[in-house]
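Turn these sequences into a full structure, and let the hints guide you.
Listed below are the residues making up each chain.
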Amino acid sequence: MSKMTIPLGPQHPALKEPVNFTLVLEGEQITGSAVNLGYNHRGVEKAAENRTFLQDIYLIERICGICSHSHTTCYVTCVEEIAKAEVPERAKAIRTLVGELERVHSHLLWLGIAGYEMGFETLFMYTWRDREQVLDCLELVSGNRVHYGINTIGGVRRDITPGQKTEILKRLAILEERTKYYVKLGTEEATVLARTQNVGLLPHDIALERGAVGPTARASNVKRDVRKDAPYLIYDKLDFNLITHNTNDVFGRLVVRVLELVESYKMIRQILNYLPEGPIAVKVPAKIGPGEAVNRYEAPRGEDIHYVKANGTDKPERAKVRAPTMANYPSVSYMLDGGYLADVPMVIAAIDPCMSCTDRAMVYNTKTDKVQIYGWDELRKYGIEQYKKKGVDFSKL
Amino acid sequence: MSEFEKEEKLKAGLEAKFGGAISEMTIQRKDRVWFELTPERLPELMKLMKTELGYDHLATISGFDGGENLGGNYHLTDTHSIVTVRVKTPRTAPHLPTVTGVFPGAEPYERELEDLFGIKIDGLKPGRRYPLPDDFPANQHPLRKDWKVSDVYPEEKTAPATEAE
Chain A
1 MSKMTIPLGP QHPALKEPVN FTLVLEGEQI TGSAVNLGYN HRGVEKAAEN RTFLQDIYLI
61 ERICGICSHS HTTCYVTCVE EIAKAEVPER AKAIRTLVGE LERVHSHLLW LGIAGYEMGF
121 ETLFMYTWRD REQVLDCLEL VSGNRVHYGI NTIGGVRRDI TPGQKTEILK RLAILEERTK
181 YYVKLGTEEA TVLARTQNVG LLPHDIALER GAVGPTARAS NVKRDVRKDA PYLIYDKLDF
241 NLITHNTNDV FGRLVVRVLE LVESYKMIRQ ILNYLPEGPI AVKVPAKIGP GEAVNRYEAP
301 RGEDIHYVKA NGTDKPERAK VRAPTMANYP SVSYMLDGGY LADVPMVIAA IDPCMSCTDR
361 AMVYNTKTDK VQIYGWDELR KYGIEQYKKK GVDFSKL
Chain B
398 MSEFEKEEKL KAGLEAKFGG AISEMTIQRK DRVWFELTPE RLPELMKLMK TELGYDHLAT
458 ISGFDGGENL GGNYHLTDTH SIVTVRVKTP RTAPHLPTVT GVFPGAEPYE RELEDLFGIK
518 IDGLKPGRRY PLPDDFPANQ HPLRKDWKVS DVYPEEKTAP ATEAE
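Order-wise, the sequence lines are chains A and B. Counted from 1, the first sequence has number 360 at position 360 by this note's numbering; the numbering is strictly sequential. Counted from 1, the second sequence has number 479 at position 82 by this note's numbering; the numbering is strictly sequential.
Hints are computed from structural coordinates only; laboratory data are not their basis. Small disclaimer: the values here were computed from a predicted structure and weren't measured. We put the beta carbon where it would ideally sit given N, CA and C, even for glycine. Any given hint might turn out to be false.
To be verified - Derived lysine to aspartate or glutamate pairs resembling EDC-like cross-links, with alpha carbons at most 16 Å apart: (1) B:K542 / A:E49; (2) A:K170 / A:D136; (3) A:K223 / B:D475; (4) B:K427 / A:D229; (5) B:K427 / A:E81; (6) A:K223 / B:D453; (7) B:K414 / B:E441; (8) A:K165 / A:D136; (9) A:K287 / A:E81; (10) B:K444 / A:E209; (11) A:K381 / A:D393; (12) A:K315 / A:E49; (13) B:K447 / A:E209; (14) B:K403 / B:E449; (15) B:K542 / A:E317; (16) A:K228 / B:D428; (17) B:K414 / B:E449; (18) A:K46 / B:D543; (19) A:K228 / B:D475; (20) A:K46 / B:D548; (21) B:K545 / A:E49; (22) B:K447 / A:D205; (23) B:K444 / B:D475.
Unchecked claim - Chain B residues, not near chain A, derived (Cβ > 10 Å throughout): (24) E402; (25) K408; (26) G410; (27) A413; (28) F415; (29) S420; (30) E437; (31) E441; (32) T448; (33) N466; (34) K485; (35) T486; (36) K517; (37) D519; (38) D543.
This is the structure:
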């Protein structure tokens, strides 16, 4: 059979992320593949050099819409290390709490995408509905659903009140209940098994060789998790398990993520019980250094590493970011080879490449020339009224 | 030895093997070791770190512009600690050997050095450029300190309003 080369992306049927794959096909089977990146290069590192350390938090938070907190935490720990700032314990606990809430929302988001890619859209709708619970927690703590803006140099910007704690615990109970169902569904449901088992295989030694990180690596039985290996923030005080799986396929990646959800719930409870009294931030001078620091952080997608060099001014000399997805791309071409074209979206989505999401709608009324901003409640009310006009009543849901 | 036992051991071992090639070895804190190496011995050191010392994950390479010299910080990890190897190369004819023979995953990081700093990587297999667009001028390297946006996009003479004053 003759070979055929087809480009996939950068505008995708599979992803909302601009990346191009060149696939060589023999019939439906993939015999060769290459990943082409760079469509999303925004020059963040250059921009960071032109801004102050504090302004860079705002910039770095916007590297990714999902692991925004991971990037800023990793960056501020580097800056604090150079400035020799002692971050209060309470601030560290709050950072960890937001970090784990972020992991929950990211893993639930991924589970939805996985369901969508395997043609199991009910799973997508379930998980994204339940994900609202954790987004509510994040909004409660930070005022935002996606870019929490909780980190500042020397600590955090908002405290946790006892009222917030109760609200988070309430929502956590719902999530724990729902996740039990996802564990059962992920490991027993015939559709899931048929679409994920033996798909996108990444053997243990190849995962190590290509430097895979996070759940992608852990599903190939690579026992690596920065939270365990080099504990930062308050992870050395938390009791949790390092989840691995040995099937090396998309199924393994699904199981690892779902079981990590359970561990995250455990950790969130522990952090809320631990929360030591005290200040939430210390003052750090605007001019920092000279000095350099490199730190890692276990983002939902895997190891995130930041390098910061300061030269004694209020702007960094160099700020380098390596996001986890970057480390996982070399493994993707291996996973695709020998597989089938129909599995491509599933395999690519299984490393959980990043994408952004947004909240709140702004409506521009052309008649009155006014902009109205809808909050969640108003948007819901508006939606219900719209459907009522069409004869469907959603108000009881 | 005391609290930095592991780091001291690594330092002594590397200095014995590489002698004059290694300089400015510092133990910054627990789990952080930094040193400078002459570029010729980079692949050899990487191989040793990976096969014998357990530093089997090259986390990333952060390039830098140090005025007369360009170079890269190679951040290696054994999952617990990070060892940073700094190599420098003269700005007039910058080139470094590839480490993809030891760490195949280093390919995108090395392409970054080529594109953003203009450091030629000897032995890197030909391929598509990363991360700059295909139509970006080949002799422009944005992360060099003397590079300005207006070098490539003349219409953007003034910095956007979001830029820090």
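Going down the list of hints, with the structure as the test:
This hinted pair checks out: K542 of chain B and E49 of chain A have alpha carbons roughly 9 Å apart, not beyond 16 Å. In summary, the hint linking K170 of chain A to D136 of chain A is supported, as the alpha carbons are separated by about 11 Å, within the 16 Å threshold. Restraint check: the Cα-Cα separation between K223 of chain A and D475 of chain B comes to about 12 Å, which is no more than 16 Å; the hinted pair holds. The straight-line distance between the Cα atoms of K427 of chain B and D229 of chain A is roughly 13 Å, inside the 16 Å bound, and the hint therefore holds.
About 13 Å separates the Cα atoms of K427 of chain B and E81 of chain A, which keeps this hinted pair within 16 Å; it holds. Of the supplied pair hints, the one linking K223 of chain A and D453 of chain B holds, its CA atoms being roughly 13 Å apart against a limit of 16 Å. For a cut-off of 16 Å, the pair hint linking K414 of chain B to E441 of chain B stands: about 11 Å separates their Cα positions. Between K165 of chain A and D136 of chain A the alpha-carbon distance is near 12 Å, which keeps this suggested pair within the 16 Å criterion.
For a cut-off of 16 Å, the pair hint linking K287 of chain A to E81 of chain A stands: about 13 Å separates their Cα positions. Simply put, K444 of chain B and E209 of chain A have alpha-carbon atoms about 13 Å apart, close enough for the 16 Å limit, and the pair holds. Proximity of K381 of chain A to D393 of chain A is assessed by CA-CA distance (about 11 Å); at most 16 Å being required, the pair is judged to hold. At roughly 6 Å between alpha-carbon atoms, K315 of chain A and E49 of chain A fall within 16 Å of each other, so this suggested pair holds.
The hinted pair formed by K447 of chain B and E209 of chain A meets the criterion: a straight-line CA distance of about 10 Å does not exceed 16 Å. With a CA separation close to 15 Å, the supplied pair K403 of chain B and E449 of chain B stays within the 16 Å bound. Between the alpha carbons of K542 of chain B and E317 of chain A the distance comes to roughly 9 Å, so the proposed pair stays at or under 16 Å and holds. Straight-line distance between C-alpha atoms of K228 of chain A and D428 of chain B comes to about 14 Å, which keeps the hinted pair within the 16 Å bound.
With a C-alpha separation of about 12 Å, the suggested pair K414 of chain B and E449 of chain B falls inside the 16 Å cut-off, and the hint holds. For the hint linking K46 of chain A to D543 of chain B, the alpha-carbon distance of about 11 Å falls within 16 Å, and the restraint holds. Using a Cα cut-off of 16 Å, the hinted pair K228 of chain A and D475 of chain B holds, with the two alpha carbons roughly 13 Å apart. With a C-alpha separation of about 14 Å, the suggested pairing of K46 of chain A with D548 of chain B holds against the 16 Å cut-off.
Under the criterion of a C-alpha separation no larger than 16 Å, the hint pairing K545 of chain B with E49 of chain A is consistent with the structure, at around 12 Å. With a CA separation close to 14 Å, the supplied pair K447 of chain B and D205 of chain A stays within the 16 Å bound. Of the supplied pair hints, the one linking K444 of chain B and D475 of chain B holds, its CA atoms being roughly 14 Å apart against a limit of 16 Å. Look at E402 of chain B: its CB is around 17 Å from the nearest CB on chain A, clear of 10 Å, so calling it non-interface holds up.
Every C-beta of chain A lies more than 10 Å from that of K408 of chain B, the closest at about 17 Å, which supports listing it as non-interface. Under the 10 Å C-beta cut-off, the non-interface status given to G410 of chain B relative to chain A holds; the minimum distance is some 21 Å. Every CB of chain A is more than 10 Å from the CB of A413 of chain B (nearest about 25 Å), matching its label as outside the interface. Against chain A, the non-interface label of F415 of chain B holds: every CB pair exceeds 10 Å, the least being about 21 Å.
No beta-carbon of chain A comes within 10 Å of the beta-carbon of S420 of chain B; the shortest separation is about 16 Å. Listed as a non-interface residue, E437 of chain B keeps its Cβ farther than 10 Å from every Cβ of chain A; the least gap is roughly 24 Å. Listed as a non-interface residue, E441 of chain B keeps its Cβ farther than 10 Å from every Cβ of chain A; the least gap is roughly 19 Å. In this structure T448 of chain B is separated from chain A by more than 10 Å, as the shortest Cβ-Cβ distance comes to about 12 Å.
N466 of chain B, annotated as away from the interface, keeps every beta carbon of chain A farther than 10 Å; the closest lies near 14 Å. Non-interface status of K485 of chain B relative to chain A is upheld: no Cβ of that chain comes within 10 Å, the nearest being about 14 Å off. No Cβ of chain A comes within 10 Å of the Cβ of T486 of chain B; the nearest lies about 16 Å off, and the non-interface call holds. Interface exclusion of K517 of chain B from chain A stands, the closest Cβ pair being 19 Å apart, more than 10 Å.
For D519 of chain B, the shortest C-beta to C-beta distance to chain A comes to about 21 Å, beyond the 10 Å cut-off, and the non-interface label holds. Taking the minimum C-beta to C-beta distance to chain A, about 12 Å, the non-interface status of D543 of chain B holds against the 10 Å cut.
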